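Below are the chains, spelled out letter by letter.
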Amino acid sequence: MTERIVGPELELVSDSETGGKKGVGLSPSGLLRSLNSSFAYGRPWAITLLAIVTALIAGAVLLTVTTPATLQAWGSFFSNPIGALSATWFLVGDVYRDIFTGSIVDPPALFQAITTGQGWVAVLTPLSETLTQATPLIIAGLAVAVGFQSGVFNIGAQGQIIAGAICASYAGWAIQLPSPIHLALTVAAGLAGGAIAGFIPGILKAKTGAHEVIVTIMLNYVILNFLLYLLTNRPFRQPGQSNAISRPVDASAQLPHLLGSALPANLGIVLALVAAYLVSWFMKRSTLGFSFLIMGANPTAGRTAGIDSKRVTVLVMVISGALAGLAGMVILSGSTLMLTSGFGGNVGFDAITVALLGRNRPLGVVLAALLFGALDVGGRAMEAATGVPVDLISVIQAIIVLLVAAPALVREIYRLKATSLRSVELGTRGWGA
Amino acid sequence: MRVDLEGITKSFGSLLANDLVSLTVNPGEIHCILGENGAGKSTLMNVLFGMIEPDAGEIRVDGKPVRFTSPREAIASGIGMVHQHFMLVPVFTVAENAVLGFEPVKKRVLLDRALSRRKVLELSEAYGLAVDPDAIVGDLPIGMQQRVEILKALGHDARLLILDEPTAVLTLQETEALFKIMRSLADSGRSIMFITHKLKEVAAVADRVTVLRRGRVAGQGDPKTLTERELASMIVGRDVQLDVDWGKPKPSRAVLSVRDLTVYDERGALAVDRLNLEVRAGEIVSIAGVDGNGQTELVRSLVGLLPPHSGSIELDGKPVAGASPRKMIELGVGHIPEDRQVDGLVLPMSIAENLVLDLYSRKPFATGWRRDLRAIEENAERLVEEFDIRTQSVNAPVANLSGGNQQKVVVARELSRELVLLVASQPTRGLDVGSIEYIHRRIVAARDAGVAVLLVSAELDEVLSLGDRVAVMHRGKIVDVVNPDVGRDHIGLLMTGVQPSAAENSRTDSRPGSGATERLRELEWRGGGDD
Ligand SMILES: Nc1ncnc2c1ncn2[C@@H]1O[C@H](COP(=O)(O)OP(=O)(O)OP(=O)(O)O)[C@@H](O)[C@H]1O
Ligand SMILES: [Mg+2]
Numbered sequence: 089m090t091e092r093i094v095g096p097e098l099e100l101v102s103d104s105e106t107g108g109k110k111g112v113g114l115s116p117s118g119l120l121r122s123l124n125s126s127f128a129y130g131r132p133w134a135i136t137l138l139a140i141v142t143a144l145i146a147g148a149v150l151l152t153v154t155t156p157a158t159l160q161a162w163g164s165f166f167s168n169p170i171g172a173l174s175a176t177w178f179l180v181g182d183v184y185r186d187i188f189t190g191s192i193v194d195p196p197a198l199f200q201a202i203t204t205g206q207g208w209v210a211v212l213t214p215l216s217e218t219l220t221q222a223t224p225l226i227i228a229g230l231a232v233a234v235g236f237q238s239g240v241f242n243i244g245a246q247g248q249i250i251a252g253a254i255c256a257s258y259a260g261w262a263i264q265l266p267s268p269i270h271l272a273l274t275v276a277a278g279l280a281g282g283a284i285a286g287f288i289p290g291i292l293k294a295k296t297g298a299h300e301v302i303v304t305i306m307l308n309y310v311i312l313n314f315l316l317y318l319l320t321n322r323p324f325r326q327p328g329q330s331n332a333i334s335r336p337v338d339a340s341a342q343l344p345h346l347l348g349s350a351l352p353a354n355l356g357i358v359l360a361l362v363a364a365y366l367v368s369w370f371m372k373r374s375t376l377g378f379s380f381l382i383m384g385a386n387p388t389a390g391r392t393a394g395i396d397s398k399r400v401t402v403l404v405m406v407i408s409g410a411l412a413g414l415a416g417m418v419i420l421s422g423s424t425l426m427l428t429s430g431f432g433g434n435v436g437f438d439a440i441t442v443a444l445l446g447r448n449r450p451l452g453v454v455l456a457a458l459l460f461g462a463l464d465v466g467g468r469a470m471e472a473a474t475g476v477p478v479d480l481i482s483v484i485q486a487i488i489v490l491l492v493a494a495p496a497l498v499r500e501i502y503r504l505k506a507t508s509l510r511s512v513e514l515g516t517r518g519w520g521a
Numbered sequence: 289m290r291v292d293l294e295g296i297t298k299s300f301g302s303l304l305a306n307d308l309v310s311l312t313v314n315p316g317e318i319h320c321i322l323g324e325n326g327a328g329k330s331t332l333m334n335v336l337f338g339m340i341e342p343d344a345g346e347i348r349v350d351g352k353p354v355r356f357t358s359p360r361e362a363i364a365s366g367i368g369m370v371h372q373h374f375m376l377v378p379v380f381t382v383a384e385n386a387v388l389g390f391e392p393v394k395k396r397v398l399l400d401r402a403l404s405r406r407k408v409l410e411l412s413e414a415y416g417l418a419v420d421p422d423a424i425v426g427d428l429p430i431g432m433q434q435r436v437e438i439l440k441a442l443g444h445d446a447r448l449l450i451l452d453e454p455t456a457v458l459t460l461q462e463t464e465a466l467f468k469i470m471r472s473l474a475d476s477g478r479s480i481m482f483i484t485h486k487l488k489e490v491a492a493v494a495d496r497v498t499v500l501r502r503g504r505v506a507g508q509g510d511p512k513t514l515t516e517r518e519l520a521s522m523i524v525g526r527d528v529q530l531d532v533d534w535g536k537p538k539p540s541r542a543v544l545s546v547r548d549l550t551v552y553d554e555r556g557a558l559a560v561d562r563l564n565l566e567v568r569a570g571e572i573v574s575i576a577g578v579d580g581n582g583q584t585e586l587v588r589s590l591v592g593l594l595p596p597h598s599g600s601i602e603l604d605g606k607p608v609a610g611a612s613p614r615k616m617i618e619l620g621v622g623h624i625p626e627d628r629q630v631d632g633l634v635l636p637m638s639i640a641e642n643l644v645l646d647l648y649s650r651k652p653f654a655t656g657w658r659r660d661l662r663a664i665e666e667n668a669e670r671l672v673e674e675f676d677i678r679t680q681s682v683n684a685p686v687a688n689l690s691g692g693n694q695q696k697v698v699v700a701r702e703l704s705r706e707l708v709l710l711v712a713s714q715p716t717r718g719l720d721v722g723s724i725e726y727i728h729r730r731i732v733a734a735r736d737a738g739v740a741v742l743l744v745s746a747e748l749d750e751v752l753s754l755g756d757r758v759a760v761m762h763r764g765k766i767v768d769v770v771n772p773d774v775g776r777d778h779i780g781l782l783m784t785g786v787q788p789s790a791a792e793n794s795r796t797d798s799r800p801g802s803g804a805t806e807r808l809r810e811l812e813w814r815g816g817g818d819d
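Protein sequences, first through last, are from chains B and S.
To convert, note that position 257 of the first sequence is 345 in the working numbering; the numbers rise steadily by one, no gaps.
To convert, note that position 314 of the second sequence is 602 in the working numbering; the numbers rise steadily by one, no gaps.
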């Protein structure tokens, strides 16, 4: 009767509607009260929404206390309260507006583009950048979510992304083929690379019981170092280059741009959405996905029902790895075209956050990745425009995740009632009759 | 402590789980709550314990109206509860669990472990509930865990103790011990609310009974004047046959033959010791034995969950020892596991999904890769109807069902497919009298259709009433196979390892092997502890 390590809020794809009970909100605000009674129970996205709001408020506080001018205004709060409030208001307003216009759209520019028919490229650039930034996050987030939902903790998305990109890169410049076939082959290579990188920890767990968390973390280093080796040696190394950089993928293996060559948005986002749909279908409707969900929710009952837990572990890791590999392929063929020593940035780890924020559901992952992509893109624009360091974004992201991971905190802040009794029972599993 | 519940009403969606329930518990009274599965007993208790907020109604403690918004407040008012499905942390020790949420602290921040231990020891002394404060809860048998729950509740000096189906998982001896404790608590002025489905227990321990039916109070009375029959019909609202003659079995070929089976449990201790057993098609062999004599491991090895160490298991003449659970399911072995929430159900999944948990990849529930949600739902609708599973929707998570209805899901699933052998472990645990009658009928129907049935049950009544032959298990061996007519005393003696006819020489002569190796074996059994 050992308890499994239950990871970040494992939840099933199949929505479980729990019997709600009326809560008595202590908050005076009508909006909060309606949040409280109408959708807070058993509807975790309300918690997510409140987490985001709370993080933005915390960001505003942080901005206020770190900016000398506003801090000064608050110092004389008792003589001039309006001044203090307006200082904060304008500062926070500016910063958040810059994040928005930098990541989604600048309304005046949009208006002008509509009336004059000019400057569409500038108007669409922020959104297009957000989509491009979000694309690998979506796919890698799905990879992590599939694992989490199946009770397998794949912390190795980062390495699998690189493994996928290595294979995709090779397929992208070593083979000459006409465009659509070449691209398809590159996609397949990315999937295969990630699948292999996922298979290793999967089979190790099945055969020896080695914990996948440890093995995947260690493999991240192995794969990264393998990449560094490739970058400094033939045939990957780009001839005539002094820094460690690979050959670029052929044009026929690049993801085509969707909105003309001036905008970064490419076919990758379509791939990501297709992947989200397929994952959703797979988990909800396929027999294999169902066995994954069973093993994720109650492995003991799964084994009793005749599910081969080792086989499931291996398959989950292969599928999760393949998705991560696809994310690597998309980064490569959609944006960077070449492998570098810093390839993939932090996507593999951000993907864990995105999966958590999206509650491991495909739609949730898509939305969470879009949010994180927008915050990243908007943060850069904000830094350029206002000089506020982009670290503010990291803080906001971190607070969101913290609050989503600890829903009790959000409930406490907003005086929400816990969800229904029986879901509480789920958390503290007993063995009664 | 006197507690009045008045007009308690609680609905889940359109379902009225409690409908204007009023009752009074007097100081020093053992008040028994009876009712069908899903009648609303646990819900009512959870309302009283502050875990569920009622839609309407009032709770008065010693005449004063109270409103609990959390169990913490209920505990502070002197209410303790032992839940139907335990709420213990398996990786913590007994002492840590007993003080959970109210940990004694020293120097403001440090846990005072010594004090926790001492408190637990004092309590266990005071109430005669022997426990080892340092044992890890997850390692303890279920009866022990129950004790920990009771200690936990008493630790907060509860003046009203709520016990939600405590005896469902206890052996006869443990139940008797629990009743003694309950009596002494009541004599010291504490009140007890006690839920059970076992009618015999009502007369043995209760001062008053209240029967709930479909959320309402269906009747109240004095257990001394009510017969079991009357209680049963009050509970289900119709006449229930308590003693049924299930007719003669027509056994044919041997379906299951087990020879010299030896199984070690998960911790490596000898659990099943060169056991021999045969179950034929068309008969029910029930296993009688004190819990912990290897029944669990025998069952687990028969269904492929625990590979045997040695010996053979044959199903219809084919050797299947060490086969996978999948293989056993495919060969037509049905398995009702003893612990529904651990082995039988995936709580967050829907009732419909749980009803195909081991069949989801077969026709008609899947075509190729694709699960056929329609067929899964139709199957669920049919089984919910057939087995009277009380739910509003087959798509609700199985966690929302009452304990007994969860059990019905497991039983319905296993009886819903073509079987050769049914291994049923505590199949009616937590079921109401009406449901027990129905499940028994279904098991006998399976027998008459030619299924070989192996029944393991802690209920001697069930063992004797259903079994065509009774195999008595003691220390990992079948000590004798008898006709259920030989009587309880005879079987009771066998269960303690004594051969009633030849008490002196049975131990050494019952098995081949020299006396010395036999004694070594005895020492090896479960680490040599005595029973
Ligand atoms: N959180 C919930 N959501 C929806 N329905 C619920 C919930 N909790 C209980 N119910 C329903 O309320 C009814 C009463 O359940 P309750 O657990 O009180 O029954 P019970 O009398 O304890 O039954 P049993 O003897 O089987 O334990 C059941 O039909 C159950 O499905
Ligand atoms: Mg109950």
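Don't read these hints as lab results, they were simulated from the structure.
Certain hints may be false.
Covered stretches of chain S, as calculated for chain B (at least 3 residues, CB under 8 angstroms) [unchecked claim]: (1) 739–752; (2) 762–774.
Mimicking BS3-like on lysine-lysine, the simulated pairs with C-alpha atoms at most 25 angstroms apart in a straight line are [as the list claims (entries may be wrong)]: (3) Lys536(S) to Lys372(B); (4) Lys398(B) to Lys468(S); (5) Lys468(S) to Lys512(S); (6) Lys394(S) to Lys352(S); (7) Lys398(B) to Lys372(B); (8) Lys295(B) to Lys615(S).
Quick caveat, the model's predicted, so the values are computed rather than measured.
Ideal Cβ positions, reconstructed from N, Cα and C, are used throughout, including at glycine.
Need the status of pair Lys398(B), Lys372(B): alpha-carbon distance at most 25 angstroms? Given pair Lys398(B), Lys372(B) holds - Cα atoms ~21 angstroms apart, limit 25 angstroms.
Measure nothing beyond the straight line between the CA atoms of Lys295(B) and Lys615(S); if it is 25 angstroms or shorter, mark the hint as holding. holds, 20 angstroms
Would you mind confirming whether the straight-line C-alpha gap from Lys394(S) to Lys352(S) stays at or under 25 angstroms? violated, 35 angstroms
Is Lys468(S) close enough to Lys512(S), meaning Cα to Cα at most 25 angstroms? Holds. Lys468(S) to Lys512(S) sits at ~18 angstroms (cutoff 25 angstroms).
Does Lys468(S) sit within 25 angstroms of Lys398(B), going by the straight-line distance between their CA atoms? This hinted pair is violated, its Cα atoms lying about 48 angstroms apart.
Tell me if chain B covers the region 762–774 of chain S under the three-residue, 8 angstroms CB rule, please? As far as the region 762–774 of chain S goes, the hint is violated, because 0 residues have Cβ atoms under 8 angstroms from chain B.
Hinted pair Lys536(S) and Lys372(B), Cα distance within 25 angstroms: violated, 47 angstroms
Cut-off 8 angstroms, C-beta pairs, minimum 3 residues; does the coverage of the region 739–752 of chain S by chain B stand? Violated, because only 0 residues of the region 739–752 of chain S bring their Cβ atoms closer than 8 angstroms to Cβ atoms of chain B.
Hint violations for this structure: numbers 1, 2, 3, 4 and 6, all remaining hints satisfied.
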